[in-house]
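Student: For the record, the sequence lines run as chains G and R.
So that you can map any letter, position 282 of the first sequence is 282 in my numbering, and since no number is skipped, the others follow by simple counting.
So that you can map any letter, position 289 of the second sequence is 1289 in my numbering, and since no number is skipped, the others follow by simple counting.
No wet-lab data here; the hints were simulated from the structure.
Glycine residues also receive a C-beta, built at the ideal position from the N, C-alpha and C atoms.
Incorrect hints may have been included.
[Stated by the list, open to error] Selected chain G positions facing chain R (in silico; Cβ < 8 Å):
id: 1; residue: LYS20
id: 2; residue: ALA27
id: 3; residue: GLY68
id: 4; residue: ALA71
id: 5; residue: ALA116
id: 6; residue: PHE123
id: 7; residue: ASP141
id: 8; residue: SER146
id: 9; residue: TRP147
id: 10; residue: GLY150
id: 11; residue: PRO153
id: 12; residue: GLY218
id: 13; residue: GLY333
id: 14; residue: LYS341
id: 15; residue: ALA344
2 protein chains.
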Amino acid sequence: MSKIDYTQAGVDYSKIDPLKILAQQAAAATAGNLQRHGLTEVAASRGESAYVVDCGAFYLASITECLGTKALVADAMRLVTGKTYYDRIAQDTLAMAVNDLITVGATPVSVHAYWAAGGSDWFRDAQRAKDLVDGWRAACDACGVSWGGGETPALAGVVADGRIDLAASCVGLVRPKSRLTLGERLAPGDAIVILQSSGIHANGVSLARKLAERLPQGYATRLPSEAMFGEALLAPTVLYAPVTEALAAAGIVPHYCANITGHGWRKVMRHPAVLTYRFDRLPEVPEVLRFLQRETGSDDREAYGNLNMGAGFALFVAAGDAARTVAIAAAAGVPALVAGKVEAGPKQVVIEPLGLTFGADDLHVRA
Amino acid sequence: MSKIDYTQAGVDYSKIDPLKILAQQAAAATAGNLQRHGLTEVAASRGESAYVVDCGAFYLASITECLGTKALVADAMRLVTGKTYYDRIAQDTLAMAVNDLITVGATPVSVHAYWAAGGSDWFRDAQRAKDLVDGWRAACDACGVSWGGGETPALAGVVADGRIDLAASCVGLVRPKSRLTLGERLAPGDAIVILQSSGIHANGVSLARKLAERLPQGYATRLPSEAMFGEALLAPTVLYAPVTEALAAAGIVPHYCANITGHGWRKVMRHPAVLTYRFDRLPEVPEVLRFLQRETGSDDREAYGNLNMGAGFALFVAAGDAARTVAIAAAAGVPALVAGKVEAGPKQVVIEPLGLTFGADDLHVRA
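Same shape as in the complex, but just chain G (with noise of 0.2 Å):
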């Protein structure tokens, strides 16, 4: 099978980005409204997953985000075995945003739902309503926040007939605020230890989605363990919100948190600091990413610059907490393990069991 990228699966970040720049400029230039209210914001949070503001007692930080294109998958899945997988949609949904907001040391406390349909109809299939209400739900009651409120409207016109365009704002509050971690205390000697993915979470679907116009077989097909390759691409993303509050209540506060989502492991140096990431251990790669690698041609570089390829969180912490950390995660049911470390040097990831370095110029996520 030949080759597919990211730029035949639709997603071209060329395109994007002039005008996420403007928006970014035009966004800060706003932070001086708050001095009407006696607030101000966090400066630093600007480029980083969440955004804070300072209250005095406490940070207030908020985020909203996008599931993307996975429903699609679960639509086509439909086809396939009569389940809607609208549940695990809604746990991936709401892990958007919420692994977004605890990056920065936020217990996540609100989240509202945005469910804008191409149709009334959507709404008319209960069966797939109730699964994206009760998934919802679980989901809220997993990251322990209070589901406010939502949007559920009918678009036709904007939003495509027959899909549903899914979203997730939370809020969140840093206390202590001792808890925000926007990296100042990121140094060389900490440890980076990484928690396990479930599979391709919510990025790299474009690619997948390629992919199964290709196979024969389409989302049918069998991967090694005779999982299907479209119910294995719908195992719902790790909420990692548990771990973050675990381990606040056990005294340590990471000095950087990255969740892993467009740029794959190009995103660990997300940090501003130049600094190198040092990795001598790799977390186990879910099959079903295995098979997206090897099915679309992908070398390593392709998939670990975009693909989370079983790393779904990285916490940087003090090397003495490492090890802690690992022991906190896997209570709180996630798969960790230490990976790699914190270097002075030039910025860049190095993945030493693959022979693997990406640098500075392979990562564009900030203005």
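Go by the hints and put chain R onto chain G.
Tutor: Using the frame of chain G, we list chain R on its own:
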């Protein structure tokens, strides 16, 4: 021209509501999660326009709202005049969130933008992107909020090709806590101050689009004032935060607020109390709404029951504060009038100048 009703225009609330009720029940069941963090929800905020959590020193309010289909009007009008109108569309989107948030007495603090396009190409149009960013920033400045970030995904296959799904989430603080306006103090004798709308705002747009399809000149149809129908529809939604903030600064705490959106004047009775809302004066009806009513063959019941007809926001204040409320709103740039009063009696909205009454059965915005 034959009559157009809302079901023909693609919005069928009967298909949305079962999911909405299911979601509201599940959401309410997650409130207990806040106990893990030593927080409690303000239960009376469920079913209101923003969700409120008690954080001790103050209340935290949050909301996510979408624009709806108004961007389709901008897209169509661009073919007529060459202008993008996305600066106005940006204000509309922000207004949907901010005008809801302020109903509970919150000062809007930060917003996130959600701009989901039908493909990367959407973002390649530099003028449209610039207008969207500029309009968003200007609206943030007008409301005194900090634009904390956002999402600009390209969702081919989910969002319709060439379109964009726009939404906003907003976080606010209720400080001091005595500013909370969930309606406990709403009582017979209160005055109803109506803040003038600028036009259709972002509700009733499906109906307007349907009408444009039937008009020989479409959106280019001239209104009596010579304004183009499409351009008049694109008058941006009024931002009411400057009014509510000015009232707070003047020591006036409304007894209740209602953002007049999808259910027109029926929204006036959204508070759960059994009260009669009697109007003896009406705000000026924007020309575009008068035209829309006439051309769709809608009677006053349909027009006032679905469109704002000049009433963008309702403030329920102590009778003694009414005149000063009007003056403060005017000073903040928003025309207002004391249009009616709250009375003991059955739950209904009585619009005397039109001989029109909406009963409780006419409104179903709560579970």
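Student: So which of the earlier hints does this model not fit?
Tutor: Hints 12, 13, 14, 15 not satisfied by this model.
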